[in-house]
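Novice: These are the residues of each chain, in order.
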Amino acid sequence: MSRAGGPETGRPGTAAGNGIPAGGPAGASGGSAGGNSDPAGGVPGLAARVRERFGVHGRGQHERDQHERDQHGGDGHGQAGGPRGGNGPRGGRGGRGGEQLVVPRARPDSYYGKPILKAPVWRSPEVPGYLFLGGLAGASSVLAGFAQAAGNHKQAKASKIAAAGAIGLSGVALVADLGRPERFLNMLRVLKPSSPMSVGSWLISAFGGAAAAAAACAVTGRLPKAGAAATAGAAVVGPAICTYTAALICDTAVPAWHDAHREMPYLFAGSAASAAGGLGMMAVPVEDAGQAIRFAVLGAATELTAKSLLLRRLGEIAEPYQSGLPGQLMEAAEVLTAAGLAGAVLASRSRTAIVLSGAALVASSALTRFGIFEAGLASARDPKYTVRPQRERLAAKERAKERKRVP
Amino acid sequence: MTAQTSSQSNSPQRKPPVAAHSASLHDPAAYAGYEDHPPRMGFFTDTSVCIGCKACEVACKEWNYVPEDGLNLLGMSYDNTGGLGASTWRHVAFIEQIKRPGDAVPGRPEGSGDSVLTESVLGEFSADGSRWLMSSNVCKHCTESACLDVCPTGALMRTEFGTVVVQSDICNGCGYCIPACPFGVIDRREEDGRAWKCTLCYDRIGDGLEPACAKACPTQSIQFGPVDELRERAQLRVAELHEAGEPGARLYLEDPDDGIGGGGAFFLLLDEPEVYGLPPDPVVTTRDLPRMWRHVAAAAGALLIGGLAASLRRDLRP
Numbered sequence: 001m002s003r004a005g006g007p008e009t010g011r012p013g014t015a016a017g018n019g020i021p022a023g024g025p026a027g028a029s030g031g032s033a034g035g036n037s038d039p040a041g042g043v044p045g046l047a048a049r050v051r052e053r054f055g056v057h058g059r060g061q062h063e064r065d066q067h068e069r070d071q072h073g074g075d076g077h078g079q080a081g082g083p084r085g086g087n088g089p090r091g092g093r094g095g096r097g098g099e100q101l102v103v104p105r106a107r108p109d110s111y112y113g114k115p116i117l118k119a120p121v122w123r124s125p126e127v128p129g130y131l132f133l134g135g136l137a138g139a140s141s142v143l144a145g146f147a148q149a150a151g152n153h154k155q156a157k158a159s160k161i162a163a164a165g166a167i168g169l170s171g172v173a174l175v176a177d178l179g180r181p182e183r184f185l186n187m188l189r190v191l192k193p194s195s196p197m198s199v200g201s202w203l204i205s206a207f208g209g210a211a212a213a214a215a216a217c218a219v220t221g222r223l224p225k226a227g228a229a230a231t232a233g234a235a236v237v238g239p240a241i242c243t244y245t246a247a248l249i250c251d252t253a254v255p256a257w258h259d260a261h262r263e264m265p266y267l268f269a270g271s272a273a274s275a276a277g278g279l280g281m282m283a284v285p286v287e288d289a290g291q292a293i294r295f296a297v298l299g300a301a302t303e304l305t306a307k308s309l310l311l312r313r314l315g316e317i318a319e320p321y322q323s324g325l326p327g328q329l330m331e332a333a334e335v336l337t338a339a340g341l342a343g344a345v346l347a348s349r350s351r352t353a354i355v356l357s358g359a360a361l362v363a364s365s366a367l368t369r370f371g372i373f374e375a376g377l378a379s380a381r382d383p384k385y386t387v388r389p390q391r392e393r394l395a396a397k398e399r400a401k402e403r404k405r406v407p
Numbered sequence: 408m409t410a411q412t413s414s415q416s417n418s419p420q421r422k423p424p425v426a427a428h429s430a431s432l433h434d435p436a437a438y439a440g441y442e443d444h445p446p447r448m449g450f451f452t453d454t455s456v457c458i459g460c461k462a463c464e465v466a467c468k469e470w471n472y473v474p475e476d477g478l479n480l481l482g483m484s485y486d487n488t489g490g491l492g493a494s495t496w497r498h499v500a501f502i503e504q505i506k507r508p509g510d511a512v513p514g515r516p517e518g519s520g521d522s523v524l525t526e527s528v529l530g531e532f533s534a535d536g537s538r539w540l541m542s543s544n545v546c547k548h549c550t551e552s553a554c555l556d557v558c559p560t561g562a563l564m565r566t567e568f569g570t571v572v573v574q575s576d577i578c579n580g581c582g583y584c585i586p587a588c589p590f591g592v593i594d595r596r597e598e599d600g601r602a603w604k605c606t607l608c609y610d611r612i613g614d615g616l617e618p619a620c621a622k623a624c625p626t627q628s629i630q631f632g633p634v635d636e637l638r639e640r641a642q643l644r645v646a647e648l649h650e651a652g653e654p655g656a657r658l659y660l661e662d663p664d665d666g667i668g669g670g671g672a673f674f675l676l677l678d679e680p681e682v683y684g685l686p687p688d689p690v691v692t693t694r695d696l697p698r699m700w701r702h703v704a705a706a707a708g709a710l711l712i713g714g715l716a717a718s719l720r721r722d723l724r725p
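Chains as they are written, first to last, in this note's numbering: chain Y, 1 to 407; chain D, 408 to 725.
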């Protein structure tokens, strides 16, 4: 991705003959197109010296920018980290709205290339692990509930144990991630619908109790009526456990998360069902696995669909999902989902195929959550994902105003 | 619109937040449930007169006993602080810009400067073709505050002054406020585990004193007062600057109709916000939360239906 030219200037390919040229080496490389060798003001060399001396462009401080410049060496559009300079006051709107500029302007995305947002301090594997385990737990409870209703007791028992185990681990991961773990009970101090984490804390509390009770009754064989009630309760709350986590991450300023808020709940629901079905079909004999297999197939298909819709709609913000570490995680997840899906559909009478498919689906669900988590961090760390969509939004508003003025 | 008028119109009973919702854009303290409260207080940071002395940074650290957070040479002009964080609640940005041949020359024609102030302080380019922008950044104390909305413990709260404060005895360090802030202001102090940010010197303003940074600012770049009054002052100032030949002057977060309902702390900038490291069009993330909840509910329903669909066939074989 070139940072240069691009949507803001609307004039890709023109050099930044104005303002501070691209940082560091680009200060020279920009010259190839922009003739920047001569600083203004009749003090030849001063500007260049200042640039060199003080790293005005954030040169050397921002390996990412440097890296990007290296990759697109010589694009010289003054898009480097440093603040731009020499602007005409309205110059920032280069090429838009009919304003006259002597030279087109390239726009920096931030102050010395520093991020505008603070990336989440949530740790991996705790938090992405929880996104996976919470989904696994919630969907396992759904599977357990319907298995019990259908008289598929082996499946019901296995999925109840999976749900209780996964939500237990989730709780441990979440408390461990707190800056002050000893204060975890403060989560239940208030209930705020404006905070998905607050809503989630209450959901987990209710769900955790029900899932644990359901599993305990299933394992010990005691209190079957209470066990059935707990199973039903966990099956009802379970779906919310799977999908509220989408609101949890999307209700932030992190561009790759926030802008994906439309598809994320469906993606999470699908991923959760895929994992719960996958684990469920591994845990029971072949003749009892039908329910889990069908659940997993529905889930995996939903996950793939939601993911592709999400990436298509996000446009430039989809980039973090498709490059670097998160890109690799997402890609591996997709391959595994497809393989697991195919295995579950085609070879469902073979125990080996079922176990392999189930394992692939569980792993793909986990990889998806880690990929989404890392993509969010990457999008928060690069100011262009913050600034550019906002600039486009402002430009769209401006255009709408123009249109109103000229009917 | 002012705090006084809205509190007069309030019934003696404490109004539920929903009823006060229409007033929320203008009176966050009333929205939070304060029946009778002082006017909303805030900052107007006029960067055109900032001289980069960092007195605000130091005063803030001293008054609030904020720990040291790194002594580094960052290579960012005179800025060795870097940005706002858990232990930096005021941050002065230094932006050196250099004019180059062919640039559109902003402002007045050359030689028309009639004072030292307009020549060098208002962001004009000096004879060597450079200008130096400085700006003291701070928590915006948003009218619609994402950090406060998403805080699951209620540690973040709205004060009677309409400001947003973390109660450090309640914060459990969940970190949700950090990615929620569209400005990257609040952060977790790792050795402490809790989230910290500017309090607008809650302890000082409660006693009728101005915040430490505003008190220490030698040029009145940081002005403290009732937000309504500051907004008027800011309008006058920006008009004055336009007249004086600084058409690049603009107000940032002053508009109550913007994406955060206006900042309790707002700014006069001389260049685009992103040059100062500020987002050009921030929107509070919780504006989309109702839609998110609807999708969450629909997806949860779909999951339940999926579970049912997987169980419809009696044959347990696939």
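Careful, some of the hints might be misleading.
Example chain Y residues on the side facing chain D (calculated, C-beta under 8 Å, incomplete) [stated by the list, open to error]: (1) TYR112; (2) GLY179; (3) SER198; (4) SER205; (5) GLY208; (6) ASP251; (7) SER323; (8) GLY324; (9) GLY327.
In case anyone wonders, no lab produced these hints; they're calculated from the structure. Here a beta-carbon is modelled for each residue, glycine too, at the ideal position from N, C-alpha and C.
Novice: Does each hint fit the structure? Answer for all of them.
Specialist: Verification of the supplied hints:
1. TYR112: With Cβ-Cβ at 5 Å, under 8 Å, it holds.
2. GLY179: Hint on Y/GLY179: holds, closest Cβ of chain D at ~2 Å, below 8 Å.
3. SER198: For Y/SER198, the interface hint holds, since the closest Cβ of chain D sits about 4 Å away, which is under 8 Å.
4. SER205: violated, 12 Å
5. GLY208: violated, 16 Å
6. ASP251: Nearest chain D Cβ about 5 Å off; hint holds.
7. SER323: violated, 20 Å
8. GLY324: Nearest chain D Cβ about 19 Å off; hint violated.
9. GLY327: This interface hint is violated because 21 Å lies over the 8 Å limit.
Of the numbered hints stated above, those contradicted by the structure are hints 4, 5, 7, 8 and 9, listed in ascending order.
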